[in-house]
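2 protein chains.
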Amino acid sequence: MEITTKKSIESIARTIRGLSIDGVQAANSGHPGLPLGCADLGALLYSSILKHDPADSGWADRDRFVLSAGHGSMLLYSLLHLFGYGLPIEDLKRFRQLGSLCPGHPEFGLTNGVEMTTGPLGAGFATAVGIALAETVNASRFNTSAHKVVDHFTYVLAGDGCLMEGVSSEAASLAGHLGLGKLIVFYDSNHITIEGGTDLAFSESVAKRFEAYNWQVQLSDGYDLETIEAAVLRAQSETGKPSLIILNTTIGKGSPNRAGTHEIHGTPLGPDEVKATKLAIGLDPEKFFQVSDADYAFTANVAKAGAKAHEAWDSVFASWAKANPEKKKEWDISYGTRHADIAWPKFEVGSKLATRAASGQCLQAIAAAMPWVIGGSADLAPSNNTNLKGLGDYQKENRAGRNLHFGVREHAMGSAINGITLHGGLTAYGATFMVFADYMRPTIRLAAIMRIPSIFVFTHDSFQVGEDGPTHQPVEQLASLRIIPGLEVLRPADSEETALAWELALKKRSGHHTRANVGDRVATGIEFDPENGPSVLALTRQNLSVFAKPEGWKADVAHFGAYVVRAQKNPDVILLATGSEVGILLNAAELLTNKGKRVQVLSVPSLERFRKARKDGTLPSSFLPAKAVLYVVEAGHYLSWAGFVDEEHFIGLSRFGESGKAEELAVYFGITPDAVVELVEKN
Amino acid sequence: MEITTKKSIESIARTIRGLSIDGVQAANSGHPGLPLGCADLGALLYSSILKHDPADSGWADRDRFVLSAGHGSMLLYSLLHLFGYGLPIEDLKRFRQLGSLCPGHPEFGLTNGVEMTTGPLGAGFATAVGIALAETVNASRFNTSAHKVVDHFTYVLAGDGCLMEGVSSEAASLAGHLGLGKLIVFYDSNHITIEGGTDLAFSESVAKRFEAYNWQVQLSDGYDLETIEAAVLRAQSETGKPSLIILNTTIGKGSPNRAGTHEIHGTPLGPDEVKATKLAIGLDPEKFFQVSDADYAFTANVAKAGAKAHEAWDSVFASWAKANPEKKKEWDISYGTRHADIAWPKFEVGSKLATRAASGQCLQAIAAAMPWVIGGSADLAPSNNTNLKGLGDYQKENRAGRNLHFGVREHAMGSAINGITLHGGLTAYGATFMVFADYMRPTIRLAAIMRIPSIFVFTHDSFQVGEDGPTHQPVEQLASLRIIPGLEVLRPADSEETALAWELALKKRSGHHTRANVGDRVATGIEFDPENGPSVLALTRQNLSVFAKPEGWKADVAHFGAYVVRAQKNPDVILLATGSEVGILLNAAELLTNKGKRVQVLSVPSLERFRKARKDGTLPSSFLPAKAVLYVVEAGHYLSWAGFVDEEHFIGLSRFGESGKAEELAVYFGITPDAVVELVEKN
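From first to last, the protein sequence lines stand for chains A and B.
Terminal number for the first sequence in this note's numbering: 689, no gaps in between.
Terminal number for the second sequence in this note's numbering: 689, no gaps in between.
Keep in mind the hints are simulated off the structure, nothing from the lab.
The structure displayed is predicted, hence computed values, not measured ones.
Hints are not guaranteed to be accurate.
Since the list gives no way to pick one copy over another, a pair counts as held whenever it fits inside one copy or between any two copies.
Stated by the list, open to error - Calculated pairs, DSBU-like style, for lysine-lysine (alpha carbon to alpha carbon, straight line, at most 30 Å):
(1) LYS633 x LYS621
(2) LYS402 x LYS214
(3) LYS688 x LYS633
(4) LYS555 x LYS314
(5) LYS667 x LYS293
(6) LYS667 x LYS281
(7) LYS667 x LYS99
Build out the structure end to end from the sequences listed, making use of the hints.
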C-alpha cells in the first residue's frame, strides 16, 4: 500500500470515529462501540477494496457491502457521507431523529447506498448469503468466455451477536456447502457483548466452526491496514469457499477510558469522553462533525476511480451486449420489468387438485417463461410441489440449476430469498409448511420493512394437514402473517386462483420509500400497497375442486382482493371465505338455498386488498349488500376477520389442532357445509 | 454385554420395527424411516441405559429421553408400550387417529412417558439443553457430599433436520460453553433428507462443528449394541462436556427394497413391503402388531430393575431428607406448589418507573423468596432489568449461579426455558426485546401446546423504544403473541401492576391435558386457562407513573383481566388500555371531564382473562356499562381488540415504526392524551 494512500485511509478512519461519536452524542442515543472499533476496516473497504461508484449506487455489478451489525450504523452513514453517496452531513447531525436519512439502524430504500435494512442480529449475514448466491446465478446466466458482466464480491461486517444467532449458523452451513467463494465476511471479534465479556456465553471456536462449514478462515489484526488488505486478497483468491476474516478488534477503540468495555457498545460517550477521544486520536477536541478538505479530496478521487471502473464495465457490457443480443434482451427484462407472458396451465372446472399441486404446475409455466425465476424449499420440495422439473439443482458445480436446496433451514432460506431479491435480476421463492413460517418470521418482517417482492410459499395451510397433529397444523399463522404491515397473504381457493395468486405476486416490485420529508414516509408506512412488498402464498395439502368463475373475476381480485363466486340478488346471507373454505361455502350455499335462503358467496384470495378496498370505499356495493347477514369461514384464527364479523358469525379454529384424518377433523372442529348451515339457521 | 441380554434387546428392536411399520401402515400415514433406522438404539436405551421406572414416569431423578426427531414417534410409542408405561397396544393400532394416545408427533401431557412435545425440528435438542441445565442447578441446590439425590442424564435422539436448524446450533454452542456433561445426544446420521441425500444441502462436518462448540464427539456404528454401549459409557464418563454420538445408520433399515432411500422417511411401506420387511428381519409376515411373550417378560424385568433403582434412590432420598430437613423442605416446595410469600417492593403513587425497572425490583424480591427461580436474558440483561443482584452467574464453574447468560440466542433461550420448566423443581424466565419474540416464536408456541408455565419477559414493548427505529419497535408482536392459543400476555400499566403480573405468571402450573376421551381434549383445546400455560410479560422501556388503584383491583385482574381505574357513574365514554397507554387515558380522561364528558377508564393487564370473562358472562356490568361509547388505546396492532371496538374507535399502530425520540413519535403517531380527546370529540 502506498504510504500516501495509507495516510489518507488513516485520516478517513479518524474522521469516521469523530463523526460517529458526534452523531451518537448529538442524538444522546446510539452505538459508538462498533464504529470506533471498525473505523479502519470501513475506511479501507470503501477506499481501496470495494468496487463501487458512489454516483450510481444501483450499478448492477458493484460489490455489495452489508453491515450485519446494523447498530453500528454511524460507521455506514459516515462512509456514505464521505464517499459521495449524497448523504448530507445535516442528516448525520440529526442521527436517529424523526425524518433523518440516518435512522437508528440502516434502512434500505431510505438512505442511498444502504444495501439492506439491518439491526436484527444475524439477518445481514444470512441475507448476504443470498446476495452472493444471486451473483453466481447471474454470472452463470450472463457471462461468456469473452465477457464477464457479473463479477462482484459480497462483503459483510458481522459482530459476535450475528454469529451467535442460529440464522447465521444455518446460512454459513449453506454458504459453505454451496461454495460461495465471493462471499467475504469480516467478524468484528471484540470479545465484548452487552452483558459483559463474550466469555459469559460464547466460548466456542468460531474459527473451527467455520472450517467445519467448509469456509476459508483467517485471523487478522483489526487495525493494520496492510494485514487486513492481505487477508482480503487471500479471501478473494479463494474462489471455492466463502471466507471469514476474524478481526481481532477493540470495541470503542480510540476512547481512552471506555474502549474495551461493554458499556461503550450502546451508550453515548458523554461530552467529556467525546473530547478525550478526539484528543487521543488527533482530532480537534472542540470541533464537531469534522471532515478535512483532504478527506473530501481523497474520497472524491476514490469516487472518480470508481466511476472509471464503472465506465470500464460499461464498455465491456456494451461489447457483450453486441455479441450476445439474446442475453442482453434477457438482462434488460431481468433487471427491468421482469415481465413475461406465461402460458398458464388450464384447469378444468370440476377437476380436483390441491392448490400446492396447482402451484407446482404454475411454477413449471412460470419457470419456462421467466428464466430469472429461481427457488426452492427447506427440504420439503416434494411436499411443497416447488420443484422445477428438468431445470437442475443449483449446486457448487451447477450454478445454472434453478432448484435451490436450502436444507432444513427455514430462517436462512427466507433470508437468502431476501438477498436474492435485493441483488437484482432475479425473482426468488422459498417454501415450507405454513406452520414453520414461525421459524422465519423475522426475515418475513424484514422483507416487509424493506418492501421487497420476496415470495414465500407456505403449503399445508390448515388443520387439513391431518395426522401430523397440532405441531404441524397452522392455526394462528394466517392471522399472524396478515398483521405484518405491508405483507400480502394470498390464499387461493382452487387451481385457477392459484395461478392468479402467482401472477399477483410476480408483478410486485421493490417499494421506494425514500423520503424527502416525513410526510412521504407517513403515506408509505401506513398503507398496504399491492404494487410492492413481499407475498405469501398459502396453499393446501388437500384436493380442492375447481369451480366456475364469473367474468372479470381476475380484475376484481386485483382491485378488491375478492370477487363474487355465487351472485345472488338481494341476498339474506353473504358467505365469505378464503382458500379451501370457499368450496365448503359453495356446498353450504346449495343446502341453504334448498332451505329457502338467498345466498351470495365471495372468495377473498387477498384479505389485504379486500380491507384496503373497503377502507378506500372502492368495494363494489354488489359485493356486500347492506341488508344481508355476513358470515366468514376460514380454517384459522378469528382475529384475521376482525371488523368484518363478530365471533358469532365466524367459523374457524382458534385453538390448537389434533392428530387425525383431515375429514374427521373437519367434522370434529365443525368446519363443514353442515356446520355453516347450522350456524346460519341459528342466527 | 451378556449374550442373553443382547438377544433380548435384538428381539425388542425387531419388535419395534414390526410395531412401527404396522402402525404407519394402519394409519396409512407417518414416518417409518426413523423407527426402522433407530430401533436398535431405542431398544438398547430403554433396556440397559436409561435409569427409569416405567411405573412412575414422574420420578424426579429419572434419566430423560427426548425424541427430537419427533416424526419418528412410532419408535417412542413402541418403547413406551413395550416397557410398561401403560400405553395400550390399541392406541398404537390407532396411530395418528383422532383420540388416540399415539398422535402423529409425541405430545407431552397426553401420553405417559413422553418428556416433551416434539415435531418441529431442532426443538427437542434445544429443549434438552434446558433439561440438562436444570439437572445441574438442582444437583447443586440439593446434593450433599453424603447424598446425591439429583444425578441423571438427559438423552436426545436427533436427526439431520434437527442439526440443520439454527436453534440447535445456538443450543449446542450454549451447552458446550456451559459444559453440560450429562447431556448425551445421539445423531441419527443416515445421510438422507426429504429431498434426497444430505449431500444436496448439508455437507459440513458435524463432528468438527461440535468439537468447535467444545463437545465430546464420537463416531459409532448404529447397529452394533456393544459399540453403542461403549460410546455411551465414554459419554457418561466425560463430565465436563456434552457428548455427541454420531451413529452411522441406514434410514428404513430392515426394509429390503426401501432402506436407504428418501421415500421411506415419511411414506408407509405398503402392504407388500411390510410383509417383505417382516420376513427379512425374522418376524411372521402374516401377523400384525406382534409382541412375543419373551419380549414382555424381558421388559417386565427391565421395569422391575428400574423400580429397584427407584427404591434405592428413595432410600437415599430418605436419608438425605433426614440429614437435611431444610433442603427437604425446599425440595418439597420446589417440586410441589412452588409457592412462597413474596415481600413485594412498595411503589409510591406518583413515582415514575419503567415497568421493566419495576420488574427488575420485583425479581429481586421473587428471587429472595423463591430459591427455585432462575432466569436470564439473550444478552440484554441490563436493558431487560433481569439481573438477580448478588445471586451469581450460572456457569460451568458455578452451578449455583441464578443468572443465566444465553448469549444472543433468543430461540435457544426460549427452548432452554421450556426445558428447565419441563425438568421440574424450578421456575424459569427468559428475556429479550419484544420485537425479538419473533426469533423465538416456535418455542413459545410449543410451550403453549405443552401448557407449561414458562415465563417470557419482553421489554421495550412498543414504538416507545424510540431511536432504534422500525427494526426494533414492536407493532404486530402484541397481537401476534396473543393469538397463540393458551398463551397469556400480561401488559402491566405501572409498577404495581408489574408486581401483579409476576404474581399471576408465577402461580401457573403445567396443564394436564391427558385425556380419556376426545371430549376432554375439546375442553382443554379451546379455552384459555389462567391456571396453566406460558406467560409473556410485556414491559416498557420508558417511565410510567404509578397511579392510585381502587380496592379489590388485584382480584379483579385475576378474575376478569381488568379493573376500573377511574370509575364514573353513567359514563358517556369508556376508555380501555393496557400498559403504557393507561397513563395516557388517565390524562385524557381529565381533559375530557373538563369538556363535560363523563369518562370511565379501565386497565386491562390481561386481554386473555378479559376476553374469557366477557365470553363466560362473568364480567361485572359496572366495567362496561351498555350506553357508553367504548374506545381502546394500545400502541400495537388493532387486531388484538377485534370484537371490542371497530378501527374507528381504536388508537394504535398498525404500520411499522420510525426512528426518532419516543415523545416525538407519540405525537407523530397520534398516541397521546390530545389525540384521544380529539377522537372522542369527533365521534
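Same-copy or cross-copy closeness of LYS667 to LYS99 [CA-CA at most 30 Å]: between (62 Å within a copy, 14 Å between copies)
Intra/inter-copy verdict for LYS402 and LYS214 if alpha-carbon distance must be at most 30 Å: The answer is both: 22 Å in one copy and 21 Å across copies each meet 30 Å.
Copy assignment of LYS555 with LYS314, given that the CA separation must stay at most 30 Å: This pair counts as neither: shortest intra-copy Cα distance 57 Å, inter-copy 71 Å.
Copy assignment of LYS667 with LYS281, given that the CA separation must stay at most 30 Å: Classified as between; 25 Å across copies, 71 Å inside a copy.
Copy assignment of LYS688 with LYS633, given that the CA separation must stay at most 30 Å: both (18 Å within a copy, 27 Å between copies)
Same-copy or cross-copy closeness of LYS667 to LYS293 [CA-CA at most 30 Å]: between (73 Å within a copy, 25 Å between copies)
Homomeric proximity label, LYS633 with LYS621: Cα distance no greater than 30 Å: Classified as both; 19 Å inside a copy, 27 Å across copies.
In this structure, the one hint that does not hold is number 4.
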